[in-house]
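Spelled out from the first residue to the last, the chains are:
Protein chains: 2
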Amino acid sequence: MKDHSADPLDAFRDLLGAAHVQTGEAAARFATDWTGKWHAAPLAVLRPANTGEVAACVRLAAEHALAIVPVGGNTGLVGGTANRGALMISLERMAAIRAIRPEAGIAVVEAGAILSDIHAAASEHDLIFPLTFGARGSARVGGFLSTNAGGSNVVRYGSTRGLCLGLEVVLADGCVLDLMSELRKDNSGYDLRDLFIGAEGTLGIITAAVLRLSPRPRHHAAALAAVESLPAALRLLRRLQAASEGAVEAFEYMPRSYMAALARHRPDLRQPFALHDHAVMIDLGGLSRPLDDVLEAALAEAAEAGEVLDAMVAQNEAQRAHIWEMREAAAEITFTRLPIVDSDVALPLDGVAGFIAEMETRLADLDPGAETLIVAHLGDGNIHLTVYPTRDAADHLDAIREMVEAVCVARGGSISAEHGIGLSKLATMSRRKDPVALDVMRAIKAALDPENRMNPGKVIPEG
Amino acid sequence: MKDHSADPLDAFRDLLGAAHVQTGEAAARFATDWTGKWHAAPLAVLRPANTGEVAACVRLAAEHALAIVPVGGNTGLVGGTANRGALMISLERMAAIRAIRPEAGIAVVEAGAILSDIHAAASEHDLIFPLTFGARGSARVGGFLSTNAGGSNVVRYGSTRGLCLGLEVVLADGCVLDLMSELRKDNSGYDLRDLFIGAEGTLGIITAAVLRLSPRPRHHAAALAAVESLPAALRLLRRLQAASEGAVEAFEYMPRSYMAALARHRPDLRQPFALHDHAVMIDLGGLSRPLDDVLEAALAEAAEAGEVLDAMVAQNEAQRAHIWEMREAAAEITFTRLPIVDSDVALPLDGVAGFIAEMETRLADLDPGAETLIVAHLGDGNIHLTVYPTRDAADHLDAIREMVEAVCVARGGSISAEHGIGLSKLATMSRRKDPVALDVMRAIKAALDPENRMNPGKVIPEG
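In the order they appear, the protein sequences are chains A and B.
Heads up: the first sequence begins at 577 in this note's numbering, then just goes up one per residue.
Heads up: the second sequence begins at 577 in this note's numbering, then just goes up one per residue.
Simulated coverage check for chain B against chain A, where a stretch passes if three residues somewhere in it have a Cβ under 8 Å from a Cβ of chain A: (1) 751-760; (2) 819-831; (3) 855-868.
Okay, the calculated beta carbon distance ranges per label pair: (4) 1007/B to 604/A: 44 to 52 Å; (5) 966/B to 679/A: 29 to 37 Å; (6) 671/B to 679/A: 40 to 48 Å; (7) 805/B to 607/A: 54 to 62 Å; (8) 607/A to 933/B: 51 to 59 Å; (9) 696/A to 1018/B: 38 to 46 Å; (10) 679/A to 844/B: 36 to 44 Å; (11) 593/A to 1007/B: 33 to 41 Å; (12) 907/A to 702/B: 36 to 44 Å.
Hints in this document: simulated from the structure, not taken from any laboratory.
From the three backbone atoms N, C-alpha and C, an ideal C-beta is built for every residue, glycine too.
Based on the sequences and whatever the hints tell you, model everything.
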């Protein structure tokens, strides 16, 4: 072994070339994430070109007892890439879409491939990779798999977990785990793939993946509808699912709080009807038949039942895009003021209305002037709840956060539906996750990363 | 602690009552599994009544350094419950369907609940639990989850893994892991659920589960069709998926070898047309609309393209049941003679035809007189291939088995699609699974079951 005691980074420069070991100004692009809450001050950002170089970086890091933090598009929301003095491994040079295989219905991609590039590549074959969310132009494969990112069409296509058939992972000891299955079914031993998906880089670095593609719907039918209540919204969803043979691609709950904030911040996005207490955004995708009639008939039936109060059905693609824009403005209109307590909870489908009602009652006790903003992937029971308290004291924000968690967990909910844990929810994990489950996670982490060098301190709270 | 040195089973009798610690004749019902290949000679069969008793059994077993083998309906095919001198824990007394919650779309069940009982309970609410296979009248929740059992409608509803939202597991140390989530999305730490699903009882004992239900299709359309080739069958599948909006519930490949065996063994099951080289069984399930027209139109288009050579569309439910019976006779017509080399492989969808062609060529070299029987869940790329060699020598059977594995793995396939590993495929795992993956499995097994007492010797070959 060479003597790198002078500067441990020299070994990495020898390995990758000096241009791909970034420090100072060049490494500063990851210094602050886009929420503004989380910071990274890495020793260096490494830019390996292939899986072999990633593995070599991991082995070198072990020799120098350095921690490793993988980074993709850095669009996460939970501080998953925050660090001080770690080696960040950026997958950005490993962005190839190696193959689209239409007959097999798969894409083989490197971990640095950008989500919207995968969309474009699939589209050339009249296929889709269904996962989509606002940050699709920046988010990379390794990141959306490591966080098991959600999005707006999980209701039809399932979570990211279900869209990934195979993985390649560099482990803490520098070995390469080859799980690059292209199969719909594989029962050859433990399901390691799903262990690495959602592990936020704490068990290894995802370097490549096999993704499942779906036929592209040829016909879309979208609407914005004011509904009488949350249960009425869920009944409308079931009505639409039955009438469209499960073709509901998005069913997004946008109540008064959301539509009012949208009106304030995005007056350019004209709203088709006056404010109601409850509204939903609907998109149907038909493979072989137009679904406008199905959508209009379901809305008419629901209106007759008193469940739908007003509705605007998109008459063309521009109107459909307009409706989507109203939904996708969520990130931009949410993080507009401080103090803020944001959450990403999931409830059983029959527990959403009760959660919101109890949360609002208890919030009125804690902070009568606090405002809330809610937008939800209603078909998945996934609620993005933002509270704007009237006071910025840390204990006050904590009390609100704890109340939201308590109401959620008491109703069988999860304190992280799709954003993950990172650093931001460690205390929540301590308080709310089954202690036996935490012990099992710790045992697995210790077994696969005994020196605790893979994204240390994330996901699992200290025991 | 009492002195149980005289008979370690006394402690279990104290715990469960003597009637629920079965030995001798009473325990003999698990002595031979239904393949006839695998045998169990347990020290006793324990019949706990609830999760607390399961946990107490596991702790007592630890005190006495006894191995534990959980058993459900014992309908597995890979020797997963075979043992000598272990404590078998039967979940048969924990058979309750605790709740069906239609608004949430879930069933909460105990691990001993029988699959067909879950079907019946869901049906009362106009819902289905989609998983189904021949042994549904005996198979129990703990078994079908521990093996991640497949079946005929994975093509529409996904694998068992995807149909399970939550789990309760008794771990090797007797702790109870509560993962009883009712949620569509949950990103709160590592995906432990999927680690226990498919682990065949080697990491813990599943005691309860939350299952995902789906709306019951109101309209079915089924057919048997002779097709020109395997690629023509896959084109017909895509045609049907598009035309029906993804309503294909089953698409089963039944080539000449299968239909001929069916004619020999089940002459009562009248076949609607003469033998062709390739046939498929089709079932569509429509939530809101009859799909007979869709099916007939797709078959007519395919016939015009020369891809479908003959077809019989079921005109009523009796004819549909008849078509299903032809498919479900598979187990009964497969295990009719010896010697036999059976396999359960999965291929990428675009690799099925190539696999079969190469396998047949190489088999003709190894054993020119050997016959094959093939039936496949074609939509999943899952092929049940049975070879009947002309000689019974162990090395000859091994050579055939190795050849099938080699052709499968070289084409990106898996050596176990849906039946699991158990004891029957340990050698195959050694030879064919990524060695790094095996090491990761061993590390996880050692971390969660350090004394190797949970179904020891299954799934993971010795290092």
